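J.: What follows is each chain in one-letter form.
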Amino acid sequence: MNISLKIWFIILQLTNTDMKEETMIVQQLVNGLTIGSIYAMVALGYTLAYGILGLINFAHGDVYMVGAFVAYFCISILKLNVIISFIISLAISGILGALIEFTAFRSIRTGSRSSQLISAIGVSIILQNTIMLSMGSDTKPFPKVMNTAVYEFSSVTISSAQILIMIVSLIFMVMLYFLIYKTRVGISMRSTAQDAAMSSLMGINVNKVISITFSIGAVFGAAAGILVGIYYNSIVFNMGSSMGLKAFVAAVLGGIGNIPGTMLGGLVLGLAESLGATIISAKYKDAFSFIILILVLLFKPTGLFGKKEIEKV
Amino acid sequence: MFVDKIKNIKLISNRIFERLNNNMIFALLLIVIIIFPIIFDNSYILHILILLGVYVVLGTSLNVVAGVMGELDLGHAAFFGIGAYISSLFVMNVFDNFWIGMILAGFISLIFGLLLGIPSLRIRGDYLAIVTLGFNEIIRYVLLNMQSVTNGPMGIKGIPSPTIFGYVLNTKQQMFYLIWVLVIITVVVMNRMTNSRFGRSLVAIREDQIAATSLGINTGKYEIWAFAITAAFAGIAGSFFAHYMNFINPNNFTTNESILILCMITVGGRGSMIGSFIGVTILFLLPELLRPIADYRMLIYGIMLVMMMIFKPRGFWPEKRIPSRITKSAESKEAN
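In order, the protein sequence lines correspond to chains A and B.
Heads up: the first sequence runs through residues 444 to 756, numbered per our numbering.
Heads up: the second sequence runs through residues 37 to 372, numbered per our numbering.
It should be emphasised that the hints constitute simulated quantities derived from the structure, not laboratory data.
As the structure is a prediction and not an experimental result, all values here were calculated from the model.
The beta carbon of each residue, even a glycine, is placed where N, CA and C say it ideally should be.
Possibly wrong hints are sitting among the right ones.
As the list claims (entries may be wrong) - Facing chain B, from chain A, some residues (calculated, C-beta under 7 Å): (1) 465; (2) 558; (3) 719; (4) 721; (5) 725; (6) 744.
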């Protein structure tokens, strides 16, 4: 009895001393999940493009930026309704995605990897400079679209923007899941990803399916851009490049081309980043994602949840 | 019999002519390089051409990995940065000799290249591109955050100019000669490399790794060494860059820089030495030529990249790897 009381006392003491660190870690978990959901949403654009065409769409990070800017333009300058602005932004980004595919990728679909890569980089430069020339190169304040309340649960704080991000990304991902696995479009997307020539023989309009896939990816990117605008309250014309790289890392981490894997990859990356920043060093926060990436690729070259590629002779 | 002899003579004379032609082009270029800075003693033009020289060294060396071996390497600027930092830190803190610093920069980059080459044993294609890209980002963050050594985002100032036997090379003309000597050395080494057994093995690896292995090519060894040697040249270019600019900061060595170099050699024609030379020249000079339209130049640059890839995906001067000697001797054998 005496001993167990003592042990209990020691545990109490330990938990008391670790209380601060513990809440900090929980707080970082929350932050990590928030940013991880954003990563996952942007990463889905990479994974969709890669899954269906096998190309790395480096312009995707800039579609995310364009999405945020269109929403900003509609709300702040055209003074439109918030919801309508978001819908316009998603629609324009969707069209932009299909347009990028049509102009930059369609004619070199069978070309070498590096020419596709450079075409994508060209598109990325075009998008960044168009936005920079039309909107200016300074950081823009994203309009306040909702009242930011902060909820506190035993000294762990969650803001309403964080809750919004998690809920919206969850809804989007569930929608994507149903779209891919339960609808006709999804079936044709999956079959095109497996074998485009065979799918076209089965009466699937491959070009249309690829356009739709790029549109969906772009819509996801734009939604993430708007959410980030709400979360950080500021947008800038080159915000797409760093987010693009991170999201791309997330996609590869989970297994690029694999949709559930990519979602998990984004969350894992977000968590690893924010936990690494608290536990190891905040300075190297951005380097963690790349170190994790290299380690994963060294030991599991196709990502955490990727399919094993067997090279046949 | 007689006809054959004439054919042979024709072939031989053709070949001599080709040789002569190449040598003549080379000699002409040499003369241009020697005379140019004397005629155009304009510091802006010389500055642009010196930086062009740096990019030619980077482009022609990357060409061995990205063109001849056909791997997407997005980490070339990392070696460039490693070379620049190693050399300037060595010269400023340890021993004040540019040449030893340059060799050390090349050597350390070589070691990093070997380290990065090891993963290339296990992974290929897109994944390798990502690993090299990640490597580049990590190097950048290390340069940014190791403030005690690299002075972080402020960069290193006051890097001494190169010296030869106590004589300081600090005019644009002298630096121009120095970098173009480096360019010639790089081009000759890379040319010998790609046209040797080593280069042919790399091409075999690019075309089909399994077939190459079955022909007895030690693919791992060749891949690692290709990485390491190109990295060493990038390091040397970095060393020159640091001592020429006298100032470096981590922003000179970002992933965008690596991507830009890859763009250059792809626009020129991957795998071909002349192609990468042309590509570097075009894409490096284009923003300078577009300077009058200031704000719109990057936009036009982007549009050019996309148009180029749509209409000429293999580049301006694609690789022509038709083994001329083999086909010709085969032809003459058939004639016999």
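J.: Looking at the structure, which of the earlier hints fail to hold?
T.: The structure breaks hints 1, 3, 4 and 5; every other hint is satisfied.
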